[in-house]
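Visitor: Turn these sequences into a full structure, and let the hints steer you where they fit.
Same order as they appear, the protein sequences are chains A and B. Quick note on the numbering used here: the first sequence kicks off at 1 and runs consecutively. Quick note on the numbering used here: the second sequence kicks off at 1 and runs consecutively.
Don't take each hint at face value.
Claimed, not checked - Now the in silico label distances, taken between C-beta atoms and shown as ranges:
#1 A:R269 <-> B:S110: 19 to 29 Å
#2 A:Q224 <-> B:L187: 25 to 35 Å
#3 A:Q224 <-> B:L333: 46 to 56 Å
#4 A:D88 <-> B:G57: 54 to 64 Å
#5 B:P232 <-> A:G117: 41 to 51 Å
#6 A:R116 <-> B:F331: 48 to 58 Å
Said to hold, decoys possible - Partial chain A-side listing against chain B, Cβ under 8 Å, derived:
#7 V54
#8 P111
#9 G156
#10 Q238
#11 P241
#12 P242
#13 P278
#14 P283
It is worth saying that the hints were derived from the structure and are not from the lab. Positions of the beta carbon are idealized from the N, C-alpha and C atoms, including for glycine.
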Amino acid sequence: MSVFIDQSTRLVVQGITGRDGSFHAKQMISYGTKVVAGVTPGKGGQLFEGVVPVFNTVAQAVRETQANAAVIYVPAAVAASAIFEAADAGIGLIVCITEGIPVLDMTRVLPYVNERGARLIGPNCPGLISPQQSKVGIIPGNICKPGKIGVVSRSGTLTYEIIHQLSTHGFGQSTCVGIGGDPLIGTNFIHCLSAFQADAETEAMVLIGEIGGTDEQQAAEFVQHGVTKPVVGFIAGQTAPPGRRMGHAGAIISGASGTAAEKMAALERAGISVMQRPADVVPLLKERL
Amino acid sequence: MNLHEYQARDILRRHGIPVPPGDVASTPADARAIADRMGGNVVVKAQVHAGGRGKAGGVKLAKTAAEAEAHAKAILGMTIKGLTVHQVLVAPAAQIASESYVGIIVDRASQRPVLMVSPAGGIDIEEVAARTPEKIHRLAVDPRYGLLPHQALGLGFALYRGVVPARAAADIMQKLYAAVYAVGASLAEINPLITTPDGQVLALDAKIAVDDNELERRPEIAALRDVSAEAPAEVQAREAGLTFIKLDGIVGCCVNGAGLAMATMDLVQFYGGAPANFLDIGGSSNPQKVVAALRIITADPNVKAILFNIFGGITRCDDVANGIVQATQQFPLQVPMVIRLTGTNEQEAVQILTKAGFAALTDMDAAVQQAVARAKGQAA
Chain A
1 MSVFIDQSTR
11 LVVQGITGRD
21 GSFHAKQMIS
31 YGTKVVAGVT
41 PGKGGQLFEG
51 VVPVFNTVAQ
61 AVRETQANAA
71 VIYVPAAVAA
81 SAIFEAADAG
91 IGLIVCITEG
101 IPVLDMTRVL
111 PYVNERGARL
121 IGPNCPGLIS
131 PQQSKVGIIP
141 GNICKPGKIG
151 VVSRSGTLTY
161 EIIHQLSTHG
171 FGQSTCVGIG
181 GDPLIGTNFI
191 HCLSAFQADA
201 ETEAMVLIGE
211 IGGTDEQQAA
221 EFVQHGVTKP
231 VVGFIAGQTA
241 PPGRRMGHAG
251 AIISGASGTA
261 AEKMAALERA
271 GISVMQRPAD
281 VVPLLKERL
Chain B
1 MNLHEYQARD
11 ILRRHGIPVP
21 PGDVASTPAD
31 ARAIADRMGG
41 NVVVKAQVHA
51 GGRGKAGGVK
61 LAKTAAEAEA
71 HAKAILGMTI
81 KGLTVHQVLV
91 APAAQIASES
101 YVGIIVDRAS
111 QRPVLMVSPA
121 GGIDIEEVAA
131 RTPEKIHRLA
141 VDPRYGLLPH
151 QALGLGFALY
161 RGVVPARAAA
171 DIMQKLYAAV
181 YAVGASLAEI
191 NPLITTPDGQ
201 VLALDAKIAV
211 DDNELERRPE
221 IAALRDVSAE
231 APAEVQAREA
241 GLTFIKLDGI
251 VGCCVNGAGL
261 AMATMDLVQF
271 YGGAPANFLD
281 IGGSSNPQKV
291 VAALRIITAD
301 PNVKAILFNI
311 FGGITRCDDV
321 ANGIVQATQQ
331 FPLQVPMVIR
341 LTGTNEQEAV
351 QILTKAGFAA
361 LTDMDAAVQQ
371 AVARAKGQAA
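Guide: Pasting the structure below:
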């Protein structure tokens with residue numbers, strides 16, 4: 001089983017003819033994702049790779065192909081607009097890979113998406129993958145294996161590192177979700193943990209957080225009261241200096257809150273097994289399962 | 001990107017917020033001329049991106065223009081929290097009856113801009129939050145409707161009893177809210193917002209941080225960047241499309257992805273070393289970025305060993321390997337290098353590196369341990 005995406009996911013790729021969009025559309029198709037449409041304004045009527053119809057608007061793509069999920073690879077300057085468009089077209093799951101959307105734009109995007117009942121994953125995220133079922137985004141399919149661990153992370157390559165550790169030691173994944181490194185994001189840790197808790201096939205969860213904000217602390221509180229399955233956690237940024245933005249727009253320690261030490265303590269208090277390093281994920285899961 | 005106080009004051013003024021006069025000087029003579037124009041009784045303030053300027057001796061009162069010149073001479077060139085002062089703001093010394101705080105941040109939890117006001121102004125708001133949290137009033141603004149007049153007035157009354165200053169403060173709050181969206185600020189603070197003995201409400205000091213993601217579409221704001229206020233290596237990195245932050249350790253780190261970069265630094269510390277930097281070469285690899293990264297890392301004399309940690313996804317390991325080879329042909333390395341790479345095009349990368357005489361590891365822990373050991377060996 002899986003959360004958010006599976007074999008019934010019918011995907012429209014926004015920005016399918018662009019450099020990143022076309023590369024990753026091909027990757028997703030070869031992984032087995034049902035890519036049913038692409039959107040590039042002005043290129044409606046073309047066929048991508050000779051098979052995927054391209055439309056001028058998302059609304060058209062939905063009407064013609066019954067797409068129910070969208071992935072966005074357009075440049076930052078038009079990415080907020082792409083999210084609005086997908087939500088307006090009635091898409092239920094919107095995954096925004098694009099990095100660099102101004103945070104004030106997101107203050108307007110999020111209520112719009114929420115009011116239409118859509119789920120946004122990202123922005124500034126690697127997307128998600130349910131191994132051997134569907135991949136939406138850019139997580140390399142070859143490092144994932146199907147299984148029973150749910151993975152949720154604010155990071156990209158650090159997630160790959162931990163998935164790689166899991167797969168090489170026999171722990172497959174139900175779904176891996178990269179929720180994004182920006183301060184304002186659609187789907188958060190709690191949404192993912194509660195989906196994994198409800199998913200019959202997921203047996204344990206891995207939470208990968210980092211410095212900045214208090215999402216991990218809120219997730220810890222949620223785990224304490226709402227999660228019965230084992231959770232293993234990691235927090236990146238123990239050596240990060242305060243006040244500096246560590247690459248991700250959201251990874252900045254301000255004042256006393258947001259430090260790795262504070263987050264690790266919150267996870268531990270909630271009964272989450274905390275890794276000291278990425279390689280600890282396997283021994284800790286073995287302990288808990 | 002942080003703006004200087006004088007730049008933030010200009011933005012507030014352009015949005016109709018009452019700001020006392022003042023001008024910026026980069027020489028003691030200029031400071032004297034400004035002080036002369038303002039009647040001699042002035043405050044001279046260091047313009048650096050650091051808090052605690054007063055405590056560091058970067059803010060001084062002068063009674064005469066000559067005294068202002070002397071203060072400017074002392075402050076210009078001084079170092080506050082590692083940053084050299086290149087400019088001072090010279091402004092008339094204000095008559096202060098009360099000091100409060102007005103600020104707007106984008107709040108992650110409510111996902112909205114939040115207005116914060118406090119009658120306890122003139123000190124660091126985080127100190128107020130820690131000691132007397134009841135003195136801070138917050139309001140999450142619905143961005144679809146903006147800050148409504150009654151909301152602003154309600155907060156105005158949280159600062160002042162009288163309706164006249166409360167209305168003046170409310171007006172300032174609405175203008176500050178407009179300024180936030182106009183310049184793309186992630187934070188805008190007036191601290192202190194003062195009342196004068198004759199009842200005026202004025203923004204005495206201002207701080208604005210602009211969301212870096214806004215700069216591309218706001219060239220007029222991007223032009224306010226003061227490169228001299230930043231570490232040269234960080235400027236160089238930004239121009240090369242890299243994110244670099246200098247730290248104090250001896251292991252230079254070159255990683256793809258911000259989360260993995262932080263986890264790598266943490267692992268260096270876990271194995272008893274100290275990272276010399278945070279460096280994210282970003283998603284789209286090209287050999288030139290790697291060359292630029294190595295140039296920046298090797299310019300730090302503290303670096304005793306270099307550690308590459310690459311998990312190839314979009315980043316192709318062979319691009320990174322080519323970059324390493326090109327860089328070492330352009331400038332031979334003086335310190336040992338440990339390379340870990342795995343993922344996309346790993347085999348090609350290993351071939352390229354082996355041919356050039358470099359070993360490549362695939363395990364992150366092994367690579368970090370080796371880098372720490374070699375850095376310590378060099379340092380000893």
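Visitor: Compare the structure with each hint and give your call.
Guide: Checked hints:
Between R269 (chain A) and S110 (chain B) the Cβ separation comes to about 24 Å, which falls inside the hinted range of 19 to 29 Å. The given range of 25 to 35 Å is respected by Q224 (chain A) and L187 (chain B), whose C-beta atoms sit roughly 32 Å from each other. Between Q224 (chain A) and L333 (chain B) the C-beta distance comes to about 49 Å, which sits within the given range of 46 to 56 Å. For D88 (chain A) paired with G57 (chain B), a C-beta distance near 57 Å keeps the hint of 54 to 64 Å intact.
At roughly 50 Å, the beta carbons of P232 (chain B) and G117 (chain A) sit within the given window of 41 to 51 Å. Here the CB-CB span from R116 (chain A) to F331 (chain B) is close to 55 Å, well matched to the stated 48 to 58 Å. A hinted interface residue such as V54 (chain A) counts as satisfied when its beta carbon comes closer than 8 Å to some beta carbon of chain B; here the least separation is about 23 Å, so the hint is violated. Because the closest C-beta pair between P111 (chain A) and chain B is about 7 Å apart, less than 8 Å, the hint holds.
Taken as an interface hint, G156 (chain A) checks out: its beta carbon lies about 5 Å from the nearest beta carbon of chain B, inside 8 Å. Contact between Q238 (chain A) and chain B, as hinted, is supported at the beta carbon level, the nearest pair being about 4 Å apart and thus within 8 Å. The beta carbon of P241 (chain A) is positioned within 8 Å of a beta carbon in chain B (closest approach about 7 Å), and the interface hint is therefore held. For P242 (chain A), the shortest C-beta to C-beta distance to chain B is roughly 11 Å, which exceeds 8 Å, and the interface hint is violated.
Interface hint at P278 (chain A): satisfied, since its Cβ lies 6 Å from the closest Cβ of chain B, which is below the 8 Å cut-off. Annotation: P283 (chain A) was flagged as interfacial toward chain B, and the flag is violated, the nearest CB pair being 13 Å apart, outside 8 Å.
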